[in-house]
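**Q** With the sequences and hints as input, model every part of the structure.
Sequence order for the protein chains is B and Z. Counting along the first sequence from 1, when you hit position 320 you're at 320 in our numbering, and nothing is skipped either side. Counting along the second sequence from 1, when you hit position 272 you're at 272 in our numbering, and nothing is skipped either side.
Note that these hints are calculated values from the structure, not bench results. Do not rely on the hints blindly, as some may be mistaken.
[Claimed, not checked] Here are the computed lysine-lysine pairs in the DSS-like style, where the Cα-Cα straight-line distance is at most 27 Å:
#	chain 1	residue 1	chain 2	residue 2
1	Z	K56	B	K108
2	B	K336	Z	K123
3	B	K110	B	K120
4	Z	K432	B	K110
5	Z	K305	Z	K287
6	Z	K432	B	K120
7	B	K336	B	K196
8	Z	K355	Z	K432
9	B	K110	B	K40
10	B	K120	B	K193
11	Z	K350	B	K108
12	Z	K56	B	K334
13	Z	K52	Z	K359
14	Z	K52	B	K334
15	Z	K434	B	K108
16	Z	K41	Z	K56
17	Z	K432	B	K336
18	B	K334	B	K120
19	Z	K56	B	K110
20	B	K334	Z	K119
21	Z	K56	Z	K359
22	B	K120	B	K196
23	Z	K119	B	K108
24	Z	K350	Z	K434
25	B	K336	Z	K119
26	B	K110	Z	K52
27	Z	K56	B	K336
28	B	K336	Z	K52
29	Z	K123	B	K334
30	B	K108	Z	K52
31	Z	K434	Z	K359
32	B	K256	Z	K119
33	B	K336	B	K256
Spelled out, the chains give:
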Amino acid sequence: MEFTFDLNTIWFILIGVLLTGYAILDGFDLGVGAIHLLVKGDRNRRVMLNSIGPVWDGNEVWLVTGGGALFASFPDVYATVFSGFYTAFMLLLFVIIFRAVSIEFRSKMKYEWWRNMWDKAFSISSILIALLMGVALGNMIVGIPIGADKEFMGNFLTLLRPYPVLVGLTTVALFMMHGTIYAYLKTEGDLQKTLKGWVNNTIILFVILYVITTQATIIFYPHMIENFKAFPLLFLVPLLNILAIANIPRMVYHGKEFYAFLSSCASIAALLAIFAIGSFPNLVYSSPLPEHSLNIYNAASSEKTLEIMLTIAIIGVPFVLAYTTAIYWVFRGKVKLEDTSY
Amino acid sequence: METEILARMQFWITIAFHYLFPPLSIGLGLILVIMEGLYLKTKQDIYQKMTKFWVKVFGLIFGLGVASGIVMEFQFGTNWATYSRYVGDIFGSALAAEGIFAFFLESGFLAILLFGWNKVSPKIHFLSTVMVAFGATMSALWILIANSWMQTPAGYHIVGEGLNARAEVTDFWAMVMNPSTIDRFTHTISAAWLTGAFLVLSIAAYYLLRNRHLEFAKNTIKIGLIVAACGSLLQLGTGHSSAATVAETQPAKLAAMEAHYPESAPGDLWLFGIVDEETQDVDFGIKMPGMLSFLVHGDTETPLKGLNSFKPEDRPPVQIVFQSYHIMVAIGMSLIAIAFCGLFLWWRGKLWNSKWFLKILVVSVFLPQIGNQVGWIVAEVGRQPWIVYNMLRTSDALSKAVDANQIIFSLVLFTLIYILLFALFMFLFNEKVKHGPEDPDSIPSEYEKEKQMLAEN
Numbered sequence: 001m002e003f004t005f006d007l008n009t010i011w012f013i014l015i016g017v018l019l020t021g022y023a024i025l026d027g028f029d030l031g032v033g034a035i036h037l038l039v040k041g042d043r044n045r046r047v048m049l050n051s052i053g054p055v056w057d058g059n060e061v062w063l064v065t066g067g068g069a070l071f072a073s074f075p076d077v078y079a080t081v082f083s084g085f086y087t088a089f090m091l092l093l094f095v096i097i098f099r100a101v102s103i104e105f106r107s108k109m110k111y112e113w114w115r116n117m118w119d120k121a122f123s124i125s126s127i128l129i130a131l132l133m134g135v136a137l138g139n140m141i142v143g144i145p146i147g148a149d150k151e152f153m154g155n156f157l158t159l160l161r162p163y164p165v166l167v168g169l170t171t172v173a174l175f176m177m178h179g180t181i182y183a184y185l186k187t188e189g190d191l192q193k194t195l196k197g198w199v200n201n202t203i204i205l206f207v208i209l210y211v212i213t214t215q216a217t218i219i220f221y222p223h224m225i226e227n228f229k230a231f232p233l234l235f236l237v238p239l240l241n242i243l244a245i246a247n248i249p250r251m252v253y254h255g256k257e258f259y260a261f262l263s264s265c266a267s268i269a270a271l272l273a274i275f276a277i278g279s280f281p282n283l284v285y286s287s288p289l290p291e292h293s294l295n296i297y298n299a300a301s302s303e304k305t306l307e308i309m310l311t312i313a314i315i316g317v318p319f320v321l322a323y324t325t326a327i328y329w330v331f332r333g334k335v336k337l338e339d340t341s342y
Numbered sequence: 001m002e003t004e005i006l007a008r009m010q011f012w013i014t015i016a017f018h019y020l021f022p023p024l025s026i027g028l029g030l031i032l033v034i035m036e037g038l039y040l041k042t043k044q045d046i047y048q049k050m051t052k053f054w055v056k057v058f059g060l061i062f063g064l065g066v067a068s069g070i071v072m073e074f075q076f077g078t079n080w081a082t083y084s085r086y087v088g089d090i091f092g093s094a095l096a097a098e099g100i101f102a103f104f105l106e107s108g109f110l111a112i113l114l115f116g117w118n119k120v121s122p123k124i125h126f127l128s129t130v131m132v133a134f135g136a137t138m139s140a141l142w143i144l145i146a147n148s149w150m151q152t153p154a155g156y157h158i159v160g161e162g163l164n165a166r167a168e169v170t171d172f173w174a175m176v177m178n179p180s181t182i183d184r185f186t187h188t189i190s191a192a193w194l195t196g197a198f199l200v201l202s203i204a205a206y207y208l209l210r211n212r213h214l215e216f217a218k219n220t221i222k223i224g225l226i227v228a229a230c231g232s233l234l235q236l237g238t239g240h241s242s243a244a245t246v247a248e249t250q251p252a253k254l255a256a257m258e259a260h261y262p263e264s265a266p267g268d269l270w271l272f273g274i275v276d277e278e279t280q281d282v283d284f285g286i287k288m289p290g291m292l293s294f295l296v297h298g299d300t301e302t303p304l305k306g307l308n309s310f311k312p313e314d315r316p317p318v319q320i321v322f323q324s325y326h327i328m329v330a331i332g333m334s335l336i337a338i339a340f341c342g343l344f345l346w347w348r349g350k351l352w353n354s355k356w357f358l359k360i361l362v363v364s365v366f367l368p369q370i371g372n373q374v375g376w377i378v379a380e381v382g383r384q385p386w387i388v389y390n391m392l393r394t395s396d397a398l399s400k401a402v403d404a405n406q407i408i409f410s411l412v413l414f415t416l417i418y419i420l421l422f423a424l425f426m427f428l429f430n431e432k433v434k435h436g437p438e439d440p441d442s443i444p445s446e447y448e449k450e451k452q453m454l455a456e457n
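**A** Printed below as a string of structure tokens:
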């Protein structure tokens, strides 16, 4: 790996940061959705929904902005991936829309059938979003067929290979764990006790899938670990990841809800960092013809645009962080149902 | 060709549906700022009651806007990959700026606007309302910068040839402040204010006719009429200057708007009519000779470039642009008339008893919505056959990896899901309106009850 700290590398990192922000934030609200149907009783379900109520659409903005930033900094990646994954991506957009409206509509009517219907839509769409995103990520690891003209040459079925599906399932488990911890943090009383019992189960499920995925990656996709071999210090990242995951049950045991949640955030960040280090400098790995891979140079915008975008990011990001923190601060503490709640 | 038509239809359906909601958010956002500002200033409960009711409506509209808007952010990549490669350097940065500068602002403070009544002080709540309205307006600014650049590209150069050719930015501010940005931003924003104003006018007039929530309705109508009057005048001014810019920068579009065919002749202004593209004439119409030249150049004799001075393959479709443009103008004029008629009746003290006028207000909610839609058709169809004016043709901008069947699949799914969403939206909107505003203190929230309990202990 040749490493120069230039604008292209900075943008590789920034896109990574945006997507990590998305995974951490939307990750917990998708996770809350994934376990939603397991929670019984209308009141409890309303508590679950309102635990993410004020923040879920702000969390989705990270995805939207990540998409915009990808368009601006690496337009060829944006074009190749979204046109190549067309059908899969359209399905993803449908479920994202469905999920948004289920949250919006669920509590607007008092009929039981109405609420049950939207509960199902909310939960299933949350699981599908996590699954499809994981499948997409898995395909980035396996590589997709790209031609000399930078166009995708496969079809929908190309994307549904065993390994990407495994990564998809791992992602669902990861978000379930993350969401359960978040819900545990935001609830109290009996509901919290139930959730506390689930935290360990979700951790075990995730760890099993994570170990299988890691094994499969090392065996079948060794190109993902070349950067680690070249710079052994980088092995600290997976190590941190393991420590962060191990720290979650410890914190839950000690009743330190917030630290358990932070550990979960840290493990997601570390997981994505492992993926980013493994991929660098490629953004989209091409298989079977690796020479057609889209990397941070052949897929990038002009240096001038990367510079302008960096200025925009330097001006904008502090504001974003400031009011994101402020919003989470305002809505800190346990969920209370009010007349404005979902 | 088939994929091109399908891809364009898909873009039209998704953006047309999406565009029902953002203008409402922008317009209603401004009205919320006014209402809550009045509450803070006067401390009268009625303003708080109004704000709380309209915030609920705002939440519903905003939710639909977000849900349908996510599609837009990715659609350039899915259906217009070649376009994305060609202009990503420029167009992408405006889109990303919209995300960083506007979306985070809107969605963050929306949380406080909707759910923060008992969590922050009234002043902070008002600040959040201002931020949401400001964010919505900024979002419009950035997306209109991006779209205006497609109409009147500036601040770029073309690098590479053939497959690898693409536009790269040379001057960021020239790109941002391209020749049509200001006109199109002000024109669109004032249209959004009208959309919001006529929504509140319509529902308040409905309450008056039903003799319900009278104080609420009257105060809402007063605010709505003032916003509508300002918005409609601004609409006229910015519309005129937009047309002048179009004449200068996109003469083919202007020619299509008035079906002006001769290569060089004074332009006529049609009040209405049906274009016969074969004979290059307008049937069943009434025209004001030379008025188009007069509006553009202040002189009825100045010749304007007509459609025949463009190669046939460079001309936009005429009928649809002509009709959309004339519907838009007619609606714009009616809105001015309605707004000022309302102000006049209010001044004469007859407004609350003029049932006929209140009935007009109830149905007028559709006018700005139709105006928004046809206005965009003029802007976008009038730019054809170009996706970026005089630079990239729409037919060359498609995704190479996507075939017609894939587009049909997503087109059908989007259409179905949008019909469903729209039906649900109307149903819930109707429920909210039937339910009406309530006294802020009539239902103590759980939070307040708990506070009380704590205080008692």
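**Q** Compare the structure with each hint and give your call.
**A** Going down the list of hints, with the structure as the test:
no.: 1; hint: Z:K56 to B:K108; in the structure: holds, 11 Å
no.: 2; hint: B:K336 to Z:K123; in the structure: holds, 22 Å
no.: 3; hint: B:K110 to B:K120; in the structure: holds, 16 Å
no.: 4; hint: Z:K432 to B:K110; in the structure: holds, 14 Å
no.: 5; hint: Z:K305 to Z:K287; in the structure: holds, 18 Å
no.: 6; hint: Z:K432 to B:K120; in the structure: holds, 24 Å
no.: 7; hint: B:K336 to B:K196; in the structure: holds, 19 Å
no.: 8; hint: Z:K355 to Z:K432; in the structure: holds, 23 Å
no.: 9; hint: B:K110 to B:K40; in the structure: holds, 16 Å
no.: 10; hint: B:K120 to B:K193; in the structure: holds, 23 Å
no.: 11; hint: Z:K350 to B:K108; in the structure: violated, 38 Å
no.: 12; hint: Z:K56 to B:K334; in the structure: holds, 23 Å
no.: 13; hint: Z:K52 to Z:K359; in the structure: holds, 25 Å
no.: 14; hint: Z:K52 to B:K334; in the structure: holds, 24 Å
no.: 15; hint: Z:K434 to B:K108; in the structure: holds, 13 Å
no.: 16; hint: Z:K41 to Z:K56; in the structure: holds, 22 Å
no.: 17; hint: Z:K432 to B:K336; in the structure: holds, 23 Å
no.: 18; hint: B:K334 to B:K120; in the structure: holds, 24 Å
no.: 19; hint: Z:K56 to B:K110; in the structure: holds, 17 Å
no.: 20; hint: B:K334 to Z:K119; in the structure: holds, 13 Å
no.: 21; hint: Z:K56 to Z:K359; in the structure: holds, 24 Å
no.: 22; hint: B:K120 to B:K196; in the structure: holds, 23 Å
no.: 23; hint: Z:K119 to B:K108; in the structure: holds, 22 Å
no.: 24; hint: Z:K350 to Z:K434; in the structure: holds, 26 Å
no.: 25; hint: B:K336 to Z:K119; in the structure: holds, 11 Å
no.: 26; hint: B:K110 to Z:K52; in the structure: holds, 21 Å
no.: 27; hint: Z:K56 to B:K336; in the structure: holds, 19 Å
no.: 28; hint: B:K336 to Z:K52; in the structure: holds, 19 Å
no.: 29; hint: Z:K123 to B:K334; in the structure: holds, 24 Å
no.: 30; hint: B:K108 to Z:K52; in the structure: holds, 16 Å
no.: 31; hint: Z:K434 to Z:K359; in the structure: holds, 17 Å
no.: 32; hint: B:K256 to Z:K119; in the structure: holds, 24 Å
no.: 33; hint: B:K336 to B:K256; in the structure: holds, 21 Å
Figure legend: structure checked against the earlier numbered hints; the only hint not met is number 11.
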